[in-house]
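Chemist: Sequence:
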Amino acid sequence: MVEQKPRMEALSIDPQVMEPRLAALFEYWTGLSSPPDLPHWGGAIGEGFRLIDLEPDILAILTVVDTGPAPADFVYRFWGTGRFLFLGNRPDPTGRPVIDGLSELNAADVLAQYQAVYDTGRPVLMQNSWKLDSGLVAECQTLRLPLAKDVGPGIGKIVAATKFLRHAEEVKRLLNDGG
Numbered sequence: 048m049v050e051q052k053p054r055m056e057a058l059s060i061d062p063q064v065m066e067p068r069l070a071a072l073f074e075y076w077t078g079l080s081s082p083p084d085l086p087h088w089g090g091a092i093g094e095g096f097r098l099i100d101l102e103p104d105i106l107a108i109l110t111v112v113d114t115g116p117a118p119a120d121f122v123y124r125f126w127g128t129g130r131f132l133f134l135g136n137r138p139d140p141t142g143r144p145v146i147d148g149l150s151e152l153n154a155a156d157v158l159a160q161y162q163a164v165y166d167t168g169r170p171v172l173m174q175n176s177w178k179l180d181s182g183l184v185a186e187c188q189t190l191r192l193p194l195a196k197d198v199g200p201g202i203g204k205i206v207a208a209t210k211f212l213r214h215a216e217e218v219k220r221l222l223n224d225g226g
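Heads up: the sequence shown runs through residues 48 to 226, numbered per our numbering.
Everything labelled a hint here was simulated from the structure, so no lab data went into it. C-beta atoms are modelled at their ideal positions from N, C-alpha and C, and glycine is treated no differently.
Just the calculated beta-carbon pair ranges, DEER-fashion:
| no. | residue 1 | residue 2 | range |
| --- | --- | --- | --- |
| 1 | 180 | 78 | 34 to 44 Å |
| 2 | 99 | 156 | 28 to 38 Å |
| 3 | 83 | 118 | 20 to 30 Å |
| 4 | 124 | 92 | 16 to 26 Å |
| 5 | 142 | 197 | 14 to 24 Å |
| 6 | 183 | 124 | 26 to 36 Å |
| 7 | 117 | 181 | 34 to 44 Å |
| 8 | 102 | 139 | 15 to 25 Å |
| 9 | 95 | 128 | 21 to 31 Å |
| 10 | 180 | 94 | 44 to 54 Å |
| 11 | 182 | 151 | 19 to 29 Å |
| 12 | 95 | 182 | 40 to 50 Å |
Start from the sequences, fold in the hints, and give me the full structure.
Modeler: The structure is reproduced here in structure tokens:
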């Protein structure tokens, strides 16, 4: 599992195809925006994207990334406790560049997703799957949502959440056992 690159498929941004917790996050995000304007980070209730407003099970699967034009500018601001499934025994990446917290196998793909959200200001929904040595196929969905800069045009942060659809415990065991 650890040595295998996941198969990644872009899905349409449609709550009906999203895992239910991702759909709830998307609905929260869309409720804060007034197209073409994107939600901002923080602020008063209903005025900005606030971690305190999220359900604990969504908060656990969430990351927040500060953005910039170069790959090294993407830095983890927040890493939910449920995200440790993806790290195995590696340390918490909060405060470090996204590139430092990624497996070499999928680093380019994940950075490309962040870059696409940064460049377009539009969400990205991906379905990822891995064939495990046991023959099982683990699947998850990842939703990446842009947040506007505090001042001026552009993207200041990207919120991402990943929810496993199948075989999360098998993936966790493989990562913690070293493969």
